[in-house]
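Make the full structure from the sequences, and use the hints.
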Amino acid sequence: MEDIMEKILLVDDERSILESCRQMLAMKDFEVRMSENLSAARKELLTFPFDLVITDMRLGADSGEDVLREVREHYPQTGVIVMTGYVDIQNAVQCMRDGADDYLPKPFEIQDFYNTVEKYFERRRLKNEVANLKEDVSLFRLALAVTELKPLSGLLDSVLELIIKETDSDSASLALLDEEISELEVKLSRGECLSRPPVGSRIKLGEGICGYVAKKREPVFLNRNDESRNVAPGHFQLFSRHLSQISVPMVVGKKFIGVMEICREKPKKPFTSRNLEKTFILAQISALAISNARVYDKLRELDELKSHFLSIASHELRTPLAAIKGAIDLIEKTPEPANAEKLIAIAKRNALRMMRLVNDILGFSSMERGNFAIHKKKSSLANIVSNSVETVRSKAETRKILITVAGSGELPEVFCDPEAMEQVLGNLLDNAIKYSPEKSEVSIDMNCEGPYLKISVTDKGPGITAQEHKRIFERFYQIDRSLSRETGGIGLGLSIVKKIVELHNGEISVVSSPEQGKKGSRFTVKIPIEEAGTMSPCKHSRENSLA
Amino acid sequence: MENRKQKTLLVIDDESDVLEVLQEFLISEGYKVSLAFDGSEGIQKYVERKPDGVLLDIAMPGKNGIEVLKEIKKIDPQANVIMITAYRDAEKVVECFRFGAYDCVFKPFDLEYLKNALMARLIC
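Chains Y and Z, in that order, give the protein sequences. Note that this note's numbering has the first sequence beginning at 1, numbered continuously upward. Note that this note's numbering has the second sequence beginning at 1, numbered continuously upward.
In short, the hints are calculated from the structure, not lab data. Treat the hints with caution; some may be incorrect.
[As the list claims (entries may be wrong)] Partner residues are not named here, just some residues of chain Y that face chain Z (Cβ under 10 angstroms, in silico):
#, residue
1, THR47
2, GLY208
3, SER311
4, ALA322
[As the list claims (entries may be wrong)] Here are a few chain Z residues that face chain Y, going by a calculated C-beta distance under 10 angstroms:
#, residue
5, SER16
6, ARG88
7, ASP89
8, VAL93
9, PHE97
10, PHE109
[Unchecked claim] Listed below are the simulated DSS-like cross-link pairs for lysine-lysine, each with C-alpha atoms no more than 25 angstroms apart in a straight line:
#, chain 1, residue 1, chain 2, residue 2
11, Y, LYS348, Y, LYS325
12, Y, LYS460, Z, LYS63
13, Z, LYS74, Y, LYS400
Ideal Cβ positions, reconstructed from N, Cα and C, are used throughout, including at glycine.
Have a look at this one:
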């Protein structure tokens, strides 16, 4: 601000006074224009914004009061000092009442004249500083309001309301980046924003003003009839009604999250660079608040999920426990029940079922804490397969499902954690049986592919749609929120399987396409056979079948 | 107990082992027991056999226990239904009472409690 010369318009019908005042002011680095009457003054006022008008009261046919009125009406930012030849206090008081900033009785020493001008600018500087401080305080209040922790939906509303109020805008909108597809989505709009796409519409990066701001991460500031304000390349057009528009990127750290836009229409004044500054700061505070709100929403969701998980998990644990306890109570009740054997078998297989659940929950919990460890050693694949088949045997029998194993014969020993791999295979088999129709077949196939072992579990269940392929490995995915309990289980099995396979430097994939009318799913686990560094191919397989 | 006409019970639960244990217990208590593995089968058997009492699981595939309870009560407002559940969710239990269940027995079962609950309604 300081390096721009302050502009003063002198209005007096006495040429000599004009000239001596001009010389004085020019010496002090003011830019000075002069007029001798009201109409000349009006013309000057149109040329550019003056900081101060100094006018005599008597201007031939015109009066200094006319000049004062003209300035007050059309140029509220411009100061007015009146010079009055009648040392008439009444007259001066009237001018002050009408909005003059100061008066100067004529005749005056040139030094007095300068002092009066200087006093005016000093006062103006102080006034500006107070205004700036007030703005800072309001910005601070804004920051407090916006950063209060709350859900995203409510936050966006209050952000827009505040920005409209604080910048005296007619309309505002907020577009947030959809990270998955790298497009902006207009989330909220207030006031009439005819120039902008409606809420819900999508904007590509680089498309229009909003897209430009998103792509370049820099603000665009457009004012009608003011090319100098156009920060962006000139091809942007204001919507016909808009007087001025500010679009700023919202950034948290280095992460771009969206664009905030505000508009003013006539009869308001165009935005100033101060508005741009304020909007920019508010956008950054809002960006932080939005990313906090997203975390907040996520945490709340997780909290609900946790409660739900606990309810499901305890249900799933109590169910086998009911069978175990019931069976034992009955054995105890009648010393020699004819069907003790049957009851013991019930207790045993439900204990196994509980064990699987407890292992899943414990495994999951240590994975969450990041200390799920596996202990790899040379392990017999045949043992792993037969142990895991054993844990699901009774369930398969109940549902009359045949488990076939192909290729376990001459496979080499595998470098893995045998218990963890039993959990992998056990969970895959458990799922396969759960989803298979009664009296169908679940098959395990094993073969080698170079240095890798591939184990597949195939069922004849309803299949998994392509959309679900990724999501089934997410924790809790299958948890059914109703009472219908279509399949039981706690929704952790596949997320644990995936983790264990990854800890073995392997990968898991699923092939299933119910969309094409095909039944069944095939899960394939691929892990290195040897410890990293040592490799040997494996011999091929023969077929046999179990259960 | 032997002097009275043998009471009949219908047990509806999707867990076959739970069904089997309950069946053993209830037979040993002198009841005549029929079993159903899901809600639809349960409703059908209720209509066919008009049992004196029903033990009904809440969480089942297909029709859940609360839906089955409503249907049975519609068919026979006098039906004696005891809910059996592994949930501890008060809301669900209250809902069952609202729809006319007369007791709720939690899994794992307290067999003594179950026995008394049945006797209270069916025998006395």
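Tested hints:
1. THR47: Given a least distance of 77 angstroms, the restraint on THR47/Y is violated.
2. GLY208: violated (51 angstroms)
3. SER311: Since chain Z brings a Cβ to about 6 angstroms from SER311/Y, closer than 10 angstroms, the hint holds.
4. ALA322: holds (4 angstroms)
5. SER16: With Cβ-Cβ at 6 angstroms, under 10 angstroms, it holds.
6. ARG88: With Cβ-Cβ at 7 angstroms, under 10 angstroms, it holds.
7. ASP89: At about 6 angstroms, which falls below the 10 angstroms cut-off, the nearest Cβ of chain Y leaves the hint on ASP89/Z intact, so it holds.
8. VAL93: Violated: closest Cβ of chain Y sits about 12 angstroms from VAL93/Z, beyond 10 angstroms.
9. PHE97: violated (16 angstroms)
10. PHE109: holds (6 angstroms)
11. LYS348/Y - LYS325/Y: It holds: about 11 angstroms lies between the C-alpha atoms, which stays within 25 angstroms.
12. LYS460/Y - LYS63/Z: Given pair LYS460/Y, LYS63/Z holds - Cα atoms ~24 angstroms apart, limit 25 angstroms.
13. LYS74/Z - LYS400/Y: Distance ~36 angstroms between LYS74/Z and LYS400/Y Cα, so the pair is violated.
In summary, the numbered hints that this structure violates are 1, 2, 8, 9 and 13.
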